[in-house]
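Peer 1: Using the sequences and the hints given, assemble the complete structure.
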Amino acid sequence: MNFNSTIIATVLLLAVSFSCKRGDSIWNDETADIVRKEVTATLQQYHRDIEAKGMLGEIPYLDSSDEFSWYAPGYDGPIGYDSVVSVLTQMAPMYTKIDHTWDTLAVTPASEIQAIYTGVVTTIMMDTLGRTSTLRFKETGTIVRRKDGWKLQSGKTEMIN
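The C-terminal residue of the sequence shown carries number 582 in our numbering, and the numbering is unbroken.
Just so you know, these hints were derived from the structure itself, not from any lab.
Even for Gly, the Cβ is constructed at its ideal location relative to N, Cα and C.
One thing to keep in mind: the hints can contain errors.
Said to hold, decoys possible - With a Cα cut of at most 16 Å, we get these calculated EDC-like pairs of lysine to aspartate or glutamate:
{"id": "1", "residue 1": "K572", "residue 2": "E459"}
{"id": "2", "residue 1": "K518", "residue 2": "D470"}
{"id": "3", "residue 1": "K568", "residue 2": "E533"}
{"id": "4", "residue 1": "K577", "residue 2": "D497"}
{"id": "5", "residue 1": "K572", "residue 2": "E488"}
{"id": "6", "residue 1": "K518", "residue 2": "E479"}
{"id": "7", "residue 1": "K577", "residue 2": "E488"}
{"id": "8", "residue 1": "K572", "residue 2": "D487"}
{"id": "9", "residue 1": "K572", "residue 2": "D484"}
{"id": "10", "residue 1": "K458", "residue 2": "E533"}
{"id": "11", "residue 1": "K474", "residue 2": "D520"}
{"id": "12", "residue 1": "K577", "residue 2": "E479"}
{"id": "13", "residue 1": "K559", "residue 2": "D524"}
{"id": "14", "residue 1": "K474", "residue 2": "D548"}
{"id": "15", "residue 1": "K568", "residue 2": "D484"}
{"id": "16", "residue 1": "K577", "residue 2": "E560"}
{"id": "17", "residue 1": "K572", "residue 2": "D470"}
{"id": "18", "residue 1": "K568", "residue 2": "E459"}
{"id": "19", "residue 1": "K572", "residue 2": "E533"}
{"id": "20", "residue 1": "K559", "residue 2": "E579"}
{"id": "21", "residue 1": "K572", "residue 2": "D503"}
{"id": "22", "residue 1": "K518", "residue 2": "E459"}
{"id": "23", "residue 1": "K572", "residue 2": "E479"}
{"id": "24", "residue 1": "K572", "residue 2": "E560"}
{"id": "25", "residue 1": "K577", "residue 2": "E459"}
{"id": "26", "residue 1": "K518", "residue 2": "D548"}
Unchecked claim - Here are the in silico distance ranges between beta carbons for each label pair:
{"id": "27", "residue 1": "S554", "residue 2": "T529", "range": "29 to 37 Å"}
{"id": "28", "residue 1": "S504", "residue 2": "T561", "range": "16 to 24 Å"}
{"id": "29", "residue 1": "K559", "residue 2": "N449", "range": "25 to 33 Å"}
{"id": "30", "residue 1": "M512", "residue 2": "I581", "range": "14 to 22 Å"}
{"id": "31", "residue 1": "R552", "residue 2": "S486", "range": "33 to 41 Å"}
{"id": "32", "residue 1": "M580", "residue 2": "E451", "range": "35 to 43 Å"}
Peer 2: The following block contains the structure:
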């Protein structure tokens, strides 16, 4: 093999090697779009389950790992999974109807198993006496893929006036 043939063979080998590595990569625009669609669908179903089951409909969407933390309105710092479940369990009987609507929702995939989301939610709640309240929240958080689906891992809920 002469020098020119060696150079051409090396360039071709490198080109094939680099193209295979890029083709083997799991993370690309298509994968990011799949994550975005899955997370968006999960967050929309999360709201439908709250509407159907009340506040207790939230619990299956919370990440029960030690990594969970949430900044909730009225709290000075983040609260853990057990505290959130306790609050939801105590408040659930107080409301007969909850209607959650995403006014805006943006999902930014960070990897195949994690995404960041932010949005504005309008919530209409009816208490056991038939009184309704309309609240608006800004939601930001991290959602992670677990064996049993996407789970809210950390985040913050802020009241909007």
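Peer 1: Run every hint past the structure and note whether it holds.
Peer 2: So, going through the hints one by one against the coordinates:
1. K572 <-> E459: holds (12 Å)
2. K518 <-> D470: holds (12 Å)
3. K568 <-> E533: Satisfied, since the Cα-Cα distance of roughly 13 Å is no more than 16 Å.
4. K577 <-> D497: holds (12 Å)
5. K572 <-> E488: Answer holds: K572 to E488 is near 11 Å, not above 16 Å.
6. K518 <-> E479: holds (14 Å)
7. K577 <-> E488: holds (14 Å)
8. K572 <-> D487: holds (13 Å)
9. K572 <-> D484: holds (5 Å)
10. K458 <-> E533: Distance ~12 Å between K458 and E533 Cα, so the pair holds.
11. K474 <-> D520: It holds: about 11 Å lies between the C-alpha atoms, which stays within 16 Å.
12. K577 <-> E479: holds (15 Å)
13. K559 <-> D524: holds (10 Å)
14. K474 <-> D548: holds (14 Å)
15. K568 <-> D484: holds (11 Å)
16. K577 <-> E560: holds (6 Å)
17. K572 <-> D470: holds (14 Å)
18. K568 <-> E459: Judged against 16 Å, a Cα distance of about 14 Å means the pair holds.
19. K572 <-> E533: Judged against 16 Å, a Cα distance of about 13 Å means the pair holds.
20. K559 <-> E579: At roughly 5 Å apart (the allowed maximum being 16 Å), E579 and K559 satisfy the hint.
21. K572 <-> D503: holds (15 Å)
22. K518 <-> E459: violated (27 Å)
23. K572 <-> E479: holds (10 Å)
24. K572 <-> E560: holds (15 Å)
25. K577 <-> E459: With Cα atoms ~21 Å apart, K577 and E459 exceed 16 Å; violated.
26. K518 <-> D548: Holds, at about 7 Å.
27. S554 <-> T529: 29 to 37 Å: Holds, since S554 and T529 (Cβ atoms, about 31 Å apart) stay within the stated range.
28. S504 <-> T561: 16 to 24 Å: holds (19 Å)
29. K559 <-> N449: 25 to 33 Å: Given a distance of about 31 Å, which is inside 25 to 33 Å, the answer is holds.
30. M512 <-> I581: 14 to 22 Å: holds (20 Å)
31. R552 <-> S486: 33 to 41 Å: holds (37 Å)
32. M580 <-> E451: 35 to 43 Å: 38 Å Cβ-Cβ, so the 35 to 43 Å window holds.
The structure fails hints 22 and 25 (numbered hints given earlier, in ascending order).
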